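One-letter residues, chain by chain:
Protein chains: 2
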Amino acid sequence: MAAAAPPPPPVPAPTTLPNPTPTGHPLFARVRLADPSDVPHIHKLILQLAVFEHLTHLVSATEDSLSSTFFTSPPFHSFTIFVLEVSPNPFLPTLLHPPSQPPFSPITRTLTLDLPIDDPEKETFRSVNSDGFDVVVAGFVLFFPNYSTFLGKPGFYVEDLFVRDCYRSKGLGKMLLSAVAAQAVKMGYGRVEWVVLDWNVKAIKFYEEMGAKVLEEWRICRLTGEALQAYGNAAN
Amino acid sequence: MAAAAPPPPPVPAPTTLPNPTPTGHPLFARVRLADPSDVPHIHKLILQLAVFEHLTHLVSATEDSLSSTFFTSPPFHSFTIFVLEVSPNPFLPTLLHPPSQPPFSPITRTLTLDLPIDDPEKETFRSVNSDGFDVVVAGFVLFFPNYSTFLGKPGFYVEDLFVRDCYRSKGLGKMLLSAVAAQAVKMGYGRVEWVVLDWNVKAIKFYEEMGAKVLEEWRICRLTGEALQAYGNAAN
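These protein sequence lines map, in sequence, to chains R and H.
Residue 1 is where the first sequence starts when you use the UniProt record's numbering, and the numbers rise one by one after that.
Residue 1 is where the second sequence starts when you use the UniProt record's numbering, and the numbers rise one by one after that.
By construction, these hints were calculated from the structure, which means they are not laboratory data.
On a predicted model such as this, the values are computed, not experimentally measured, just so you know.
Quick reminder that beta carbons are idealized off the backbone N, C-alpha and C, glycines included.
Among the hints, a few may not be true.
What the hints assert, rightly or not - The calculated lysine-lysine pairs, modelled on DSS-like cross-linking and capped at a C-alpha distance of 25 angstroms, are: (1) R:K44 x R:K153; (2) H:K202 x H:K186; (3) H:K213 x H:K186; (4) H:K44 x R:K153; (5) R:K122 x R:K170; (6) H:K153 x R:K44.
Claimed, not checked - So the derived list for chain H, only partly shown, Cβ under 7 angstroms to chain R, looks like this: (7) E121; (8) V196; (9) R222.
All chains should be modelled from the sequences, with the hints used to inform the complete structure.
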């Protein structure tokens, strides 16, 4: 029908030109592979995630327990973490986190904000090696390979995706999740999966809009603590 | 209250002695690590699982796709499969599947059945290298490491647990799941998790009786197919 529509009326000459230089505040964002120096920040982000999910009573992770279980395999073959950093200044790849890990080239985006962000935890989350560059850690995603026997191929499972409060609703969570999806596509993997709390309708809407399906019929079963010990011991 | 109960009456002398030699039929069961020669059986079991779950339309796995994605890492560090074998005869560890993989010693159980099992697919599922020993593959479990950031340690996720129809309700599914739980305990892992369809009340009851918790609030989100491709491509 659009092809049969009458031609548009002539456009009147503009009386004012659009502003060629936007007056917004730029925020530079970067997704990169985490390394061991990021563990203190990751630990703090995990605690903030637990507060958000009303699940602080379940947290027993320490910096030591994270350090001893992360980075034991090459990235993407086991537990893998992307860190999200933001800065009011452009990233200089040769100066910040110079070891550019070959399996992953950092992804950068530039946002334009109406107002600069007032980050109350700027000092706590200042990036390692960021002296003089005003870079802070704003979030992370932890993921690892899973397997679909129906597809006969691996995928990625996203265990945690978190962006600090003052950086939310700016597309940064989407940037992290997209980075995982892009890596899955690059590796020929079949799926990216994660879980969401059924009361988190805002998140569910967001995931559905990006094309994800929420599997209503499946429930997670968990064997942990004393029940795991008892059941495991009974096998021998 | 039991301690205050009156003493039981004297037991009369039995007029017939209990049968000291049970007349049941023994079924010997063994859980061992799968190897590449098991792939044809595993593929057939995956198809049977899809039929059971009413999800055959989702299956695109082939023997080739399984072969190219399994056994790429040492067992327990990535995708790992235990095969369940059964036989009317005791297993002779030195004769069947002689390469006793060092990271896992096979687990055996002996069941006593009232009637021998009539396995209509005995020839299809006859074990590799079982010539003359009457061993068949009766089920499998596929699992891999996952990670709990709250615990700060890994666990195992069980993607598939399946026992063929004629071998069900004999404790063999429990034997497979126990083998995974025992391995988790052995490795100091914090959890074993899996999913169940919410209409499968028999399975849910079984899992709850073994001490597992069903997480009612969580829903799985899945990004796959064209939506995954589109989302992943948008990141670059």
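Comparing the hints with the structure gives:
A distance of roughly 34 angstroms separates the Cα atoms of K44 (chain R) and K153 (chain R); the hinted pair therefore is violated under the 25 angstroms criterion. Between the alpha carbons of K202 (chain H) and K186 (chain H) the distance comes to roughly 29 angstroms, so the proposed pair goes past 25 angstroms and is violated. For a cut-off of 25 angstroms, the pair hint linking K213 (chain H) to K186 (chain H) stands: about 21 angstroms separates their Cα positions. Our distance criterion of 25 angstroms between C-alpha atoms is met by K44 (chain H) and K153 (chain R), whose separation comes to about 16 angstroms.
The hinted pair formed by K122 (chain R) and K170 (chain R) meets the criterion: a straight-line CA distance of about 18 angstroms does not exceed 25 angstroms. For the given pair, K153 (chain H) sits about 16 angstroms from K44 (chain R) by alpha-carbon distance, which is consistent with the 25 angstroms threshold. Hint status for E121 (chain H) relative to chain R: violated, with the closest Cβ pair at about 19 angstroms, above 7 angstroms. Restraint check, V196 (chain H) versus chain R: the minimum CB separation of about 6 angstroms is within 7 angstroms; hint holds.
The restraint placing R222 (chain H) at the interface with chain R holds, with a minimum CB-CB distance near 5 angstroms, inside the 7 angstroms limit.
Consistency with the previously given hints fails for numbers 1, 2, 7, ordered from lowest to highest.
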